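K.L.:
Sequence:
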Amino acid sequence: MSDIDLEYDKLMPMYQDYHDTYTALYRLHTYDEDELLQIYQMVKTNLIDKNVFMPYQILEQISKIFKYNNRYLKSYWFIFKKIYEEYKPEKIDNISTAFNYFVYQEYGTILSFRKKPRFKYMDNLSINIHEENNIFSAIMYDDVKSFIGFTQNDNFNESQQLCTRYLYPHKKYQRQSDVYSFIEPYCYLYPQMDFFFFD
Numbered sequence: 001m002s003d004i005d006l007e008y009d010k011l012m013p014m015y016q017d018y019h020d021t022y023t024a025l026y027r028l029h030t031y032d033e034d035e036l037l038q039i040y041q042m043v044k045t046n047l048i049d050k051n052v053f054m055p056y057q058i059l060e061q062i063s064k065i066f067k068y069n070n071r072y073l074k075s076y077w078f079i080f081k082k083i084y085e086e087y088k089p090e091k092i093d094n095i096s097t098a099f100n101y102f103v104y105q106e107y108g109t110i111l112s113f114r115k116k117p118r119f120k121y122m123d124n125l126s127i128n129i130h131e132e133n134n135i136f137s138a139i140m141y142d143d144v145k146s147f148i149g150f151t152q153n154d155n156f157n158e159s160q161q162l163c164t165r166y167l168y169p170h171k172k173y174q175r176q177s178d179v180y181s182f183i184e185p186y187c188y189l190y191p192q193m194d195f196f197f198f199d
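First residue of the sequence shown? That's 1 in full-length UniProt numbering, and the numbers climb one at a time after it.
If you are wondering where the hints come from, they were derived from the structure by calculation, not from laboratory data. Model, not experiment: these values are computed from the prediction. You may find that some hints are simply not true.
Claimed, not checked - Label-pair ranges, simulated between beta-carbon atoms:
1. D34 / D142: 22 to 30 Å
2. K116 / M12: 40 to 48 Å
3. R27 / R114: 25 to 33 Å
4. H19 / S159: 39 to 47 Å
5. N51 / R114: 24 to 32 Å
6. K91 / D154: 49 to 57 Å
7. S159 / R114: 29 to 37 Å
8. S159 / T23: 37 to 45 Å
9. Q152 / D34: 33 to 41 Å
10. G108 / K74: 17 to 25 Å
11. I148 / Y15: 44 to 52 Å
What the hints assert, rightly or not - Straight-line distance between alpha carbons at most 20 Å, and here's what the computed DMTMM-like set of lysine to aspartate or glutamate pairs gives:
12. K50 / D20
13. K81 / D93
14. K81 / D34
15. K81 / D32
16. K145 / E158
17. K74 / E132
18. K74 / E86
19. K74 / E35
20. K44 / D17
21. K120 / D93
22. K82 / E106
23. K74 / E33
24. K44 / D32
25. K50 / E86
26. K64 / D20
27. K74 / D142
28. K44 / E85
Think of the CB as a built atom: it goes at the ideal place given N, C-alpha and C, for glycine as much as any other residue.
All chains, please: the whole structure from these sequences, using the hints.
P.N.:
In C-alpha cells form, the structure reads like this:
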C-alpha cells in the first residue's frame, strides 16, 4: 500500500459525518417531512455544531445546491427555513437570488440588498417552479402520460423554450444562459428513463 492510501484510510473515517451530510443534501430525493428533519439534524449536528461551517454558510450552500436538483426545491426550502428560523442570520451576501426572494416573500427580510433590484423581475417566481399542467411540469415529475398529451396537441411547439434565470443552473457555455429548450431539462436535470420508452 502506498502512503497516499494509508492517509486516505485514516482521513476518510474522520470526515465521514461531513461526507454523509453533504451526500444527503446533494442527493436529496424526498418530500417526507420526517426524512427532511433527519437531514436537517445531520446538518445541524455535523456541520454547524461542530463549527465546520457557520449557519449563514450552510444557508448559502443550500440556496445554490437546489438548482441542480430543483425537483425538490420545496424540500430544500424546508431545510433552509429550519436553519434560518433557528439561527436568524441578518445578512447572507452570497445567497441565491431565488432564496433571497423567497425569504423576503415569507419573512419580509432581505438578506442580500445587492440582489434586491432583481426582485422586480421575479413576480412569477414560485416555490412550485412550474405551473401545473404544462410540459415542463410533466417532465419534472416524470408524467409520461401528460407529456405525450402535450406533444400530440396540435398547438405543440417543439421550439418552445423555458426562460428561467433563477431556478435552473446557468449554462456557461452559451451566451443566453437562462434559456432552455423544452428537452434540455428533461435530459440534463430530470433524466427519467420512462420518457425514452413510451409508445
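K.L.:
Hint by hint, where does the structure go against what was stated? Just the numbers, ascending.
P.N.:
none
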